[in-house]
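Each chain, letter by letter, is given below.
2 protein chains.
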Amino acid sequence: MKSINVAVVGFGNVGRAFVKTLALKRKTLSEKYGININVVAIADSKGMVIKPSGLDDYEMLKLCEVPKSGIHMFGSYAKQGVDIAEIYDKAAPNIHVELTPANYATGEPGYTNIVFALKRGAHVVTANKAPLVLYYREIVEEARIRRLMIKFRATVMGGTPFLEMLSSMKSHDIEKVEGILNATTNYILTEMHENLLDFEQALRKAQALGIAEADPSLDIEGFDAAAKLVIISYVIGKPINISSIYRESVAQISLKDVLDAVKQGHVIKYVAALDAQKMVASVKIEKVPRDNVFAQINGTLNGVRIKSDATELFFIGRGGGRIETAHTVLDDVIEVALRGSA
Amino acid sequence: MKSINVAVVGFGNVGRAFVKTLALKRKTLSEKYGININVVAIADSKGMVIKPSGLDDYEMLKLCEVPKSGIHMFGSYAKQGVDIAEIYDKAAPNIHVELTPANYATGEPGYTNIVFALKRGAHVVTANKAPLVLYYREIVEEARIRRLMIKFRATVMGGTPFLEMLSSMKSHDIEKVEGILNATTNYILTEMHENLLDFEQALRKAQALGIAEADPSLDIEGFDAAAKLVIISYVIGKPINISSIYRESVAQISLKDVLDAVKQGHVIKYVAALDAQKMVASVKIEKVPRDNVFAQINGTLNGVRIKSDATELFFIGRGGGRIETAHTVLDDVIEVALRGSA
Numbered sequence: 034m035k036s037i038n039v040a041v042v043g044f045g046n047v048g049r050a051f052v053k054t055l056a057l058k059r060k061t062l063s064e065k066y067g068i069n070i071n072v073v074a075i076a077d078s079k080g081m082v083i084k085p086s087g088l089d090d091y092e093m094l095k096l097c098e099v100p101k102s103g104i105h106m107f108g109s110y111a112k113q114g115v116d117i118a119e120i121y122d123k124a125a126p127n128i129h130v131e132l133t134p135a136n137y138a139t140g141e142p143g144y145t146n147i148v149f150a151l152k153r154g155a156h157v158v159t160a161n162k163a164p165l166v167l168y169y170r171e172i173v174e175e176a177r178i179r180r181l182m183i184k185f186r187a188t189v190m191g192g193t194p195f196l197e198m199l200s201s202m203k204s205h206d207i208e209k210v211e212g213i214l215n216a217t218t219n220y221i222l223t224e225m226h227e228n229l230l231d232f233e234q235a236l237r238k239a240q241a242l243g244i245a246e247a248d249p250s251l252d253i254e255g256f257d258a259a260a261k262l263v264i265i266s267y268v269i270g271k272p273i274n275i276s277s278i279y280r281e282s283v284a285q286i287s288l289k290d291v292l293d294a295v296k297q298g299h300v301i302k303y304v305a306a307l308d309a310q311k312m313v314a315s316v317k318i319e320k321v322p323r324d325n326v327f328a329q330i331n332g333t334l335n336g337v338r339i340k341s342d343a344t345e346l347f348f349i350g351r352g353g354g355r356i357e358t359a360h361t362v363l364d365d366v367i368e369v370a371l372r373g374s375a
Numbered sequence: 034m035k036s037i038n039v040a041v042v043g044f045g046n047v048g049r050a051f052v053k054t055l056a057l058k059r060k061t062l063s064e065k066y067g068i069n070i071n072v073v074a075i076a077d078s079k080g081m082v083i084k085p086s087g088l089d090d091y092e093m094l095k096l097c098e099v100p101k102s103g104i105h106m107f108g109s110y111a112k113q114g115v116d117i118a119e120i121y122d123k124a125a126p127n128i129h130v131e132l133t134p135a136n137y138a139t140g141e142p143g144y145t146n147i148v149f150a151l152k153r154g155a156h157v158v159t160a161n162k163a164p165l166v167l168y169y170r171e172i173v174e175e176a177r178i179r180r181l182m183i184k185f186r187a188t189v190m191g192g193t194p195f196l197e198m199l200s201s202m203k204s205h206d207i208e209k210v211e212g213i214l215n216a217t218t219n220y221i222l223t224e225m226h227e228n229l230l231d232f233e234q235a236l237r238k239a240q241a242l243g244i245a246e247a248d249p250s251l252d253i254e255g256f257d258a259a260a261k262l263v264i265i266s267y268v269i270g271k272p273i274n275i276s277s278i279y280r281e282s283v284a285q286i287s288l289k290d291v292l293d294a295v296k297q298g299h300v301i302k303y304v305a306a307l308d309a310q311k312m313v314a315s316v317k318i319e320k321v322p323r324d325n326v327f328a329q330i331n332g333t334l335n336g337v338r339i340k341s342d343a344t345e346l347f348f349i350g351r352g353g354g355r356i357e358t359a360h361t362v363l364d365d366v367i368e369v370a371l372r373g374s375a
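One line per chain: the protein sequences are R and B, in this order. Counting from 34, one number per residue, gives the positions in the first sequence under my numbering. Counting from 34, one number per residue, gives the positions in the second sequence under my numbering.
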């Protein structure tokens, strides 16, 4: 039985779902794959829990019930303040799971944490897009020279193994990747079409359900989808810069636009597209014929079309969702545990 | 630069498309991934070509133009008769690419070739379903004890990385996999719906286009789709036996059945399903509502739905096609070359 020590940095919705899923499934996983996954440290924005021998299932489940940014109050293994170095000094994790929120201005704290983890010899799994969008080359190079793995399949279509699939198509020349990559705006557009809400009403409904954030600008201005296109472009080896991606705001769509489109047999979708031959990318409002596959991708579903020199395929699944994304992060952790040398 | 020596055993449509694709792409692949893939031997049913230093691009392209079962006539490296041991004695391939046709009665010659290759220390990539359907455990165990890789993503939805994606979902409890897994019968049904052909006419058209074989029984009796369900069941760790799979023949569908279904807003599809909770599997004729995703999968497209305890996703792409399948085989070869220790 191979034992793997994991540090979880960032303990919001996905972090908690990850720790909870692991607590519930790790017995099954150890039977199925012969690996024992121990959580030796968790950090949130204000504190840390460090237990070098590994938290037990009960402790993991209890931690998931602590108020947000409150793990420093969790009994004897907890302390106030975050010091990633202390985690590595005391618990020497093999895998660093970086689940801090995305900050596209700086990439922090994700970027510093990821580089620190690699320098200390840990493989890295992350769901945070910002460090990759801003510093993909630096991170991948840091991992490469140390023969460590950096995995990030939860960053695009987080509830599915889309990126894993795309990166496995190594003999293909990927010509185009396009689709509906942002669940929040797709939910808003679906509400506008199905329940005839205007944009503001649909946005408020999405916020009330926790689908949209209090500040929804990253989603509705197309920045989140553009960030995903950047990561896709690196995965297929044809990198583009986020500043070069043309973006339209979904907020400009009125209920009248929707009704006009429907009358013509169309639906309005918010489509992210990377043309890897012309090396251009965009996040645009598009009218899609009602019998097109994209027209059927509604609510919080995501869907994507991959066109290569040899084939074409469609992939439809959950873009996010805390439980779905937690499984995707865990899939990366399991793959590293099975393949990694640490 | 890492050099990898490949033996290709089986030189029909997929074998030729594989060798041709490799000849055209290996320069790009070596630049992109730092691996040099040499073809050191090719065998068809009647002869072999062995060149331990590796065939050059021109030789590879010329070989693809030799008549079927005729490579023994190919100049100085060729000889009559097939002796896999001689390939290993003379050229010591690192990767064995097994592309012989499927024989579900015996699994041969694939099974013997695969085990021989593993015993001689070669990783194995195959597109031949029969050895896996009959001897999955034996083959995987033989590879495991020798720390070799056995890859077979071209066996299900051959033109896509479906199996790779499914096997990467390691944290998921896969509850159901269902879909349209046989391109030939889906093409026939699409012709019946769109061009109002009866079954025999549609079958003859498929045969004339090379989509159906002269003896189409493996496809139309559901055996091919059932074989794919068996491989899927092993990949998700819940093996079922092919003899336990309930199969209906697609040949029993009349044009009247199709017209009746269409009048009710349905289409008739040939659906393969594995229920991994009840551990039952079937290949059945089903009426599918016209707005269902499966109803939109027409012609030689394949489509599949994966339902796990955490998510649900759809995947649509080419089931076969020689070029598409050749790329899928090559993706496996590249993955082995990048990861394998040999």
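Heads up, some of the hints might be wrong.
[Stated by the list, open to error] When the alpha-carbon atoms are kept at most 30 Å apart in a straight line, the in silico DSS-like pairs for lysine-lysine are as follows:
| # | chain 1 | residue 1 | chain 2 | residue 2 |
| --- | --- | --- | --- | --- |
| 1 | R | K271 | B | K296 |
| 2 | R | K53 | R | K123 |
| 3 | R | K271 | R | K340 |
| 4 | R | K65 | B | K209 |
| 5 | B | K271 | R | K209 |
| 6 | R | K340 | B | K65 |
| 7 | B | K271 | B | K238 |
| 8 | R | K238 | R | K271 |
| 9 | R | K101 | R | K65 |
| 10 | R | K35 | B | K152 |
| 11 | R | K65 | B | K60 |
| 12 | B | K101 | B | K65 |
| 13 | B | K209 | R | K271 |
Since the hints were made in silico from the structure, they are not lab data.
Status of the hints after comparison with the structure:
Under the criterion of a C-alpha separation no larger than 30 Å, the hint pairing K271 of chain R with K296 of chain B is inconsistent with the structure, at around 48 Å. Proposed proximity of K53 of chain R and K123 of chain R is supported: the alpha carbons are some 23 Å apart, at most 30 Å. Simply put, K271 of chain R and K340 of chain R have alpha-carbon atoms about 14 Å apart, close enough for the 30 Å limit, and the pair holds. In summary, the hint linking K65 of chain R to K209 of chain B is supported, as the alpha carbons are separated by about 19 Å, within the 30 Å threshold.
Simply put, K271 of chain B and K209 of chain R have alpha-carbon atoms about 36 Å apart, too far for the 30 Å limit, and the pair is violated. About 19 Å separates the Cα atoms of K340 of chain R and K65 of chain B, which keeps this hinted pair within 30 Å; it holds. For the proposed pair K271 of chain B and K238 of chain B, the alpha carbon gap of about 38 Å is over 30 Å, so the pair is violated. A threshold of 30 Å between alpha carbons decides the hint, and for K238 of chain R with K271 of chain R the separation of about 38 Å lies outside it, so the pair is violated.
For the hint pairing K101 of chain R with K65 of chain R, the CA-to-CA distance comes to about 33 Å; that exceeds 30 Å, so the pair is violated. For a cut-off of 30 Å, the pair hint linking K35 of chain R to K152 of chain B stands: about 27 Å separates their Cα positions. Between K65 of chain R and K60 of chain B the alpha-carbon distance is near 40 Å, which puts this suggested pair outside the 30 Å criterion. A threshold of 30 Å between alpha carbons decides the hint, and for K101 of chain B with K65 of chain B the separation of about 33 Å lies outside it, so the pair is violated.
For a cut-off of 30 Å, the pair hint linking K209 of chain B to K271 of chain R is broken: about 36 Å separates their Cα positions.
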